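Each chain is listed here by its residues.
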Amino acid sequence: MNPLLKEIRHNPLLWLLAFVPGVLAAARLKPEAHTALFVLSVLAIVPLAALLSQATESVAAKTGDAAGGLLNATLGNLTELVIALAALRAGEYMLVKASIAGAIVTNTLFMLGASFLLGGLKHHVQEFNRAGARLQAGLLLLATIALLMPSAIAEADSASGPAVAQKLSLGLAVLLIVGYGLGLLFSLKTHREVFASAEHAEAGEAPWPIGLALATLAGVTVLVALVSEVFVESVQKAADAFGMTPAFVGFIVVALVGAAAEMAAAFSGARKNRLDLSVGIALGSASQIALFVAPVLVLLSYVIGPAPMDLHFWPGAVVMVFIATLTAAFITSGGRSAWFVGVLLLLVYAIFAMTLYLLPPERYAAGPERPPATADGSKWHP
Amino acid sequence: MNPLLKEIRHNPLLWLLAFVPGVLAAARLKPEAHTALFVLSVLAIVPLAALLSQATESVAAKTGDAAGGLLNATLGNLTELVIALAALRAGEYMLVKASIAGAIVTNTLFMLGASFLLGGLKHHVQEFNRAGARLQAGLLLLATIALLMPSAIAEADSASGPAVAQKLSLGLAVLLIVGYGLGLLFSLKTHREVFASAEHAEAGEAPWPIGLALATLAGVTVLVALVSEVFVESVQKAADAFGMTPAFVGFIVVALVGAAAEMAAAFSGARKNRLDLSVGIALGSASQIALFVAPVLVLLSYVIGPAPMDLHFWPGAVVMVFIATLTAAFITSGGRSAWFVGVLLLLVYAIFAMTLYLLPPERYAAGPERPPATADGSKWHP
Amino acid sequence: MNPLLKEIRHNPLLWLLAFVPGVLAAARLKPEAHTALFVLSVLAIVPLAALLSQATESVAAKTGDAAGGLLNATLGNLTELVIALAALRAGEYMLVKASIAGAIVTNTLFMLGASFLLGGLKHHVQEFNRAGARLQAGLLLLATIALLMPSAIAEADSASGPAVAQKLSLGLAVLLIVGYGLGLLFSLKTHREVFASAEHAEAGEAPWPIGLALATLAGVTVLVALVSEVFVESVQKAADAFGMTPAFVGFIVVALVGAAAEMAAAFSGARKNRLDLSVGIALGSASQIALFVAPVLVLLSYVIGPAPMDLHFWPGAVVMVFIATLTAAFITSGGRSAWFVGVLLLLVYAIFAMTLYLLPPERYAAGPERPPATADGSKWHP
Numbered sequence: 002m003n004p005l006l007k008e009i010r011h012n013p014l015l016w017l018l019a020f021v022p023g024v025l026a027a028a029r030l031k032p033e034a035h036t037a038l039f040v041l042s043v044l045a046i047v048p049l050a051a052l053l054s055q056a057t058e059s060v061a062a063k064t065g066d067a068a069g070g071l072l073n074a075t076l077g078n079l080t081e082l083v084i085a086l087a088a089l090r091a092g093e094y095m096l097v098k099a100s101i102a103g104a105i106v107t108n109t110l111f112m113l114g115a116s117f118l119l120g121g122l123k124h125h126v127q128e129f130n131r132a133g134a135r136l137q138a139g140l141l142l143l144a145t146i147a148l149l150m151p152s153a154i155a156e157a158d159s160a161s162g163p164a165v166a167q168k169l170s171l172g173l174a175v176l177l178i179v180g181y182g183l184g185l186l187f188s189l190k191t192h193r194e195v196f197a198s199a200e201h202a203e204a205g206e207a208p209w210p211i212g213l214a215l216a217t218l219a220g221v222t223v224l225v226a227l228v229s230e231v232f233v234e235s236v237q238k239a240a241d242a243f244g245m246t247p248a249f250v251g252f253i254v255v256a257l258v259g260a261a262a263e264m265a266a267a268f269s270g271a272r273k274n275r276l277d278l279s280v281g282i283a284l285g286s287a288s289q290i291a292l293f294v295a296p297v298l299v300l301l302s303y304v305i306g307p308a309p310m311d312l313h314f315w316p317g318a319v320v321m322v323f324i325a326t327l328t329a330a331f332i333t334s335g336g337r338s339a340w341f342v343g344v345l346l347l348l349v350y351a352i353f354a355m356t357l358y359l360l361p362p363e364r365y366a367a368g369p370e371r372p373p374a375t376a377d378g379s380k381w382h383p
Numbered sequence: 002m003n004p005l006l007k008e009i010r011h012n013p014l015l016w017l018l019a020f021v022p023g024v025l026a027a028a029r030l031k032p033e034a035h036t037a038l039f040v041l042s043v044l045a046i047v048p049l050a051a052l053l054s055q056a057t058e059s060v061a062a063k064t065g066d067a068a069g070g071l072l073n074a075t076l077g078n079l080t081e082l083v084i085a086l087a088a089l090r091a092g093e094y095m096l097v098k099a100s101i102a103g104a105i106v107t108n109t110l111f112m113l114g115a116s117f118l119l120g121g122l123k124h125h126v127q128e129f130n131r132a133g134a135r136l137q138a139g140l141l142l143l144a145t146i147a148l149l150m151p152s153a154i155a156e157a158d159s160a161s162g163p164a165v166a167q168k169l170s171l172g173l174a175v176l177l178i179v180g181y182g183l184g185l186l187f188s189l190k191t192h193r194e195v196f197a198s199a200e201h202a203e204a205g206e207a208p209w210p211i212g213l214a215l216a217t218l219a220g221v222t223v224l225v226a227l228v229s230e231v232f233v234e235s236v237q238k239a240a241d242a243f244g245m246t247p248a249f250v251g252f253i254v255v256a257l258v259g260a261a262a263e264m265a266a267a268f269s270g271a272r273k274n275r276l277d278l279s280v281g282i283a284l285g286s287a288s289q290i291a292l293f294v295a296p297v298l299v300l301l302s303y304v305i306g307p308a309p310m311d312l313h314f315w316p317g318a319v320v321m322v323f324i325a326t327l328t329a330a331f332i333t334s335g336g337r338s339a340w341f342v343g344v345l346l347l348l349v350y351a352i353f354a355m356t357l358y359l360l361p362p363e364r365y366a367a368g369p370e371r372p373p374a375t376a377d378g379s380k381w382h383p
Numbered sequence: 002m003n004p005l006l007k008e009i010r011h012n013p014l015l016w017l018l019a020f021v022p023g024v025l026a027a028a029r030l031k032p033e034a035h036t037a038l039f040v041l042s043v044l045a046i047v048p049l050a051a052l053l054s055q056a057t058e059s060v061a062a063k064t065g066d067a068a069g070g071l072l073n074a075t076l077g078n079l080t081e082l083v084i085a086l087a088a089l090r091a092g093e094y095m096l097v098k099a100s101i102a103g104a105i106v107t108n109t110l111f112m113l114g115a116s117f118l119l120g121g122l123k124h125h126v127q128e129f130n131r132a133g134a135r136l137q138a139g140l141l142l143l144a145t146i147a148l149l150m151p152s153a154i155a156e157a158d159s160a161s162g163p164a165v166a167q168k169l170s171l172g173l174a175v176l177l178i179v180g181y182g183l184g185l186l187f188s189l190k191t192h193r194e195v196f197a198s199a200e201h202a203e204a205g206e207a208p209w210p211i212g213l214a215l216a217t218l219a220g221v222t223v224l225v226a227l228v229s230e231v232f233v234e235s236v237q238k239a240a241d242a243f244g245m246t247p248a249f250v251g252f253i254v255v256a257l258v259g260a261a262a263e264m265a266a267a268f269s270g271a272r273k274n275r276l277d278l279s280v281g282i283a284l285g286s287a288s289q290i291a292l293f294v295a296p297v298l299v300l301l302s303y304v305i306g307p308a309p310m311d312l313h314f315w316p317g318a319v320v321m322v323f324i325a326t327l328t329a330a331f332i333t334s335g336g337r338s339a340w341f342v343g344v345l346l347l348l349v350y351a352i353f354a355m356t357l358y359l360l361p362p363e364r365y366a367a368g369p370e371r372p373p374a375t376a377d378g379s380k381w382h383p
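Protein chains in written order, with the working numbering: chain V, 2 to 383; chain C, 2 to 383; chain Z, 2 to 383.
It should be emphasised that the hints constitute simulated quantities derived from the structure, not laboratory data.
Because the structure is a prediction, the values reported are computed rather than measured.
Any given hint could turn out to be false.
To be verified - Okay, derived cross-link-like pairs now, EDC-like style, lysine to aspartate or glutamate, Cα gap no bigger than 20 Å in a straight line:
1) Z/123 - C/241
2) V/238 - V/33
3) Z/31 - Z/194
4) V/273 - V/128
5) C/31 - C/194
6) V/123 - Z/194
7) C/273 - C/128
8) V/31 - V/194
9) C/123 - V/194
As the list claims (entries may be wrong) - Covered by chain C, according to a simulated footprint, are these stretches of chain V (three or more residues, beta-carbon under 8 Å):
10) 18–28
11) 279–285
Said to hold, decoys possible - Not everything, but these chain V residues come out facing chain Z in the computed CB check (under 8 Å):
12) 324
13) 336
14) 354
Ideal placement from N, C-alpha and C gives every residue a C-beta, glycine not left out.
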């Protein structure tokens, strides 16, 4: 266990691990202290996410190139997936969808923008591999178009709308996973040389021994799952206490918490003038959530959720995802960056955050009208 | 008639010509066998379209550069135009509009995507003339913006909406034809050197003698017109029999049938690493339908239709055309292609096709509410 | 006063200054002759705007690089600002908003398009600095996204909608001004070498003495303010007389009048093959109105307007601004131009103008429903 302890000693972020037993104990003793539980669970998830991503990378580094890339690509957003699964099991479909859309928007605008800004404050002009950014932007565009369709259909008051949206979502989920898989095949196998520099940059620190990495992966996933349950249960009540709208919590707070570990890596890459790494993490993470996490949640909802989940999002969320994708595609098309490029992305993010913060709750609720089938599912809107 | 017979002997696609007398005879003898007539008319239109496009090219090759390019550009979508005229005369305005929007979407997504995929499976990376793709994308963008306007105006329930949409459509039709004409002047005359490679690639097989080409052009056009009438009459009933929505038929089936011949040419160009040819056919065909065929149909509707036709499309169709244009502009802006680029375009097309297939019919009908003025015109929605 | 008189003698546009006393006298003597007053005020504003922009440039040239650039950037749209202030004081919020959106659309489509066309008719292919165009397009995109949000929120019938849109508009106004300021810092200070050629091109004629320039600036601003008041009072009645819709007047007529002087400079730059100058004026002016003039008007409305103004625009205006921005970003991304590029932009502008000209007035009125708080404010919609 030496490398793990060494890692913890050197990385102050991991000292937050002390909050993991804290939040689990508090959830037992004071289940009604929602605001405190919310804060504690956030503080506990952040270091767990950091450990998780490091363990994933170590396993990936051991298993060889293609398989490793695949592993990295599929487990990279494990934190988001586990949080979303906790919300799915609780029937909180509004929270699941808000966190999916929020993660896409937060990664493409905030993570990318802050990387450009932090990198640009240190380096006058930075360059990055356009091909990688274009591929991710193309995948995001595909996912955005897929999200548009069920929303467009279900917005009608027609009686058959929701049933059709459900069937369509199932088909789209399969289509997106196929697109994601072929995209991996393309970037990791048939045309890997085109995306070479991003690849090379990703290899960094010395990896852990495989046994430790696997054990950490398993153990931390369980811990994230336990803490996520507390988080999902407390987040709504805590939001009320802080005067935040549910839309703001789902879009901004959950997304920032879930992506904390990746952000640390993206920002440090930008400071070291390895912008390929930052762009790869930010856009790659966004496209993974859109083309892999979201469709997997739709499929899993048939097994573990109280009712099937569709891909019918609140129209405002679809618009924001669409704008974020367009903006990222436009910004990264040049392959060069300076500090103001980051400012532009962050200002777009600030516009969205401000709108969500001020959004009258009934507006947001008016979005995906169809309540989940079980009584449990209506918790999100009391 | 030697070259024509030789062509038929060597091109198995043309053996389908046997279905032409078949379908005309069947339409006389069994006018109520809609499904059989639909299948027969599809099988008959495909080889006729192939002959028509070859005859057009031969005439174009004879008449010299500028005039030939003009002829090729204006007669290239004769099949689509003749089918649409048959639907126009029958007052099937919904079918006309669906087939226009469907042809744009099918050409920009399916034809271009399949070309990229088929070419990319054989060649690692392919390059094409960006200038040509940009020009066509710009023209398509112009047409898409024009389609947005009447739909936006007519969606209101205001009493004057439809009348205004009609007046506006007339003005827009003239504007689009002017834009198309100036675009030809630009690409064939004043700046032809910029688009040179596309031009050069277009010249291919040895052309037919001019007399044969003209006779084929005239004769085949008449045959296409006759078969189209059977097709338009049977397509809706056949769709019901196959369980397909009217939207799916208009968008996907009619568009694929109408573009069959061009697709053969585009795919064969891609396999031969002459991607300029494929991109030119796919995007050129789409922009021709948007900026020439559609406006001409609006103008002709004043003469031959039961009532004037406007450019007010079902909002879903406008969204799909807009997304297809944006996607094509984004994808072709790099001037390079690999197999996955084709997959991306095809997946977007699959998303549209899936949505249209599942669309509840009343949703689609709810689009362009205004029924044509005559009783005849309401056939499309019984 | 020699340079001023010399300028007037050599510039036939300035002979129109004779209309300034004319319109002010006429407004006193015949306040009910709206059509005549409208025509006279247009004829008087055009030369005043030309003088204003020349005086600004002269002051800017004197005060050194960074400060001069700042001055030029903040006073460049003084005419538009003064006209809008006159409308704001009169409570004509619909006119203010229409003229803001119209100025953005007119500058990005008409001014840029006509520059490309006029330049392209003289020069075969023209090049310009892509970096400058990309920066302005990025700023415009930011402003467009900001305009989308309050409109999306306020369109709901929820009781709290307007209040929220007002709060949000205030926050967005601050955000946009911050973005504009940082953009100036970026292009004039930290990365000025990237935008160098545009900068250099801007210096042109010999500047006036600083005293004359400052006196002209002050005097002409007062005259513009006086004439603007006549213009704002007469424009609506005159529009009725000419059979023009209020939307057409606000979007097209006011925007063309306000930008007349900049257009003269942009067109002359394009003819002299200094396209950087033209692109800088057209897009820079548009982004300045979107990120500086509009937010400043929102802030000033708390002080001088009869009621606070929000950024809730008529949805059609938001769509047009969005399309104009997308089109300009697409068109300028190549950094090269020929005559047909200008035609494309002008055709998009013609589509908008035609739509606005035919728009049933009640449609437009149905946009920003919320009437200003005072009785005065309802003048625009009798």
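Checked hints:
Straight-line distance between C-alpha atoms of residue 123 of chain Z and residue 241 of chain C comes to about 58 Å, which puts the hinted pair past the 20 Å bound. As the CA atoms of residue 238 of chain V and residue 33 of chain V are separated by approximately 10 Å, the hinted pair is consistent with the 20 Å bound. The suggested pairing of residue 31 of chain Z with residue 194 of chain Z is violated, with an alpha-carbon distance near 55 Å, which exceeds 20 Å. This hinted pair checks out: residue 273 of chain V and residue 128 of chain V have alpha carbons roughly 12 Å apart, not beyond 20 Å.
A C-alpha spacing of about 55 Å is found between residue 31 of chain C and residue 194 of chain C, which places the hinted pair above 20 Å, so the restraint is violated. Annotation: proposed proximity of residue 123 of chain V to residue 194 of chain Z holds, straight-line Cα distance about 18 Å (limit 20 Å). Restraint check for residue 273 of chain C and residue 128 of chain C: satisfied, since their Cα atoms lie roughly 12 Å apart, inside the 20 Å limit. Distance hint between residue 31 of chain V and residue 194 of chain V is unfulfilled; the C-alpha atoms sit about 55 Å from each other, more than 20 Å.
A distance of roughly 18 Å separates the Cα atoms of residue 123 of chain C and residue 194 of chain V; the hinted pair therefore holds under the 20 Å criterion. Evaluation of the coverage hint for the stretch 18–28 of chain V: breached, as 0 residues show C-beta separations to chain C shorter than 8 Å, against a requirement of three. Closer than 8 Å: that is the beta-carbon criterion, and the stretch 279–285 of chain V has 0 residues meeting it against chain C, so the requirement of 3 is violated. Given hint, residue 324 of chain V at the interface with chain Z, holds; its Cβ is 6 Å from that chain's nearest Cβ, closer than 8 Å.
The interface hint given for residue 336 of chain V is violated, since its Cβ lies 12 Å from the closest Cβ of chain Z, which is over the 8 Å cut-off. Hint on residue 354 of chain V is violated. Least Cβ distance to chain Z is approximately 10 Å, over the 8 Å limit.
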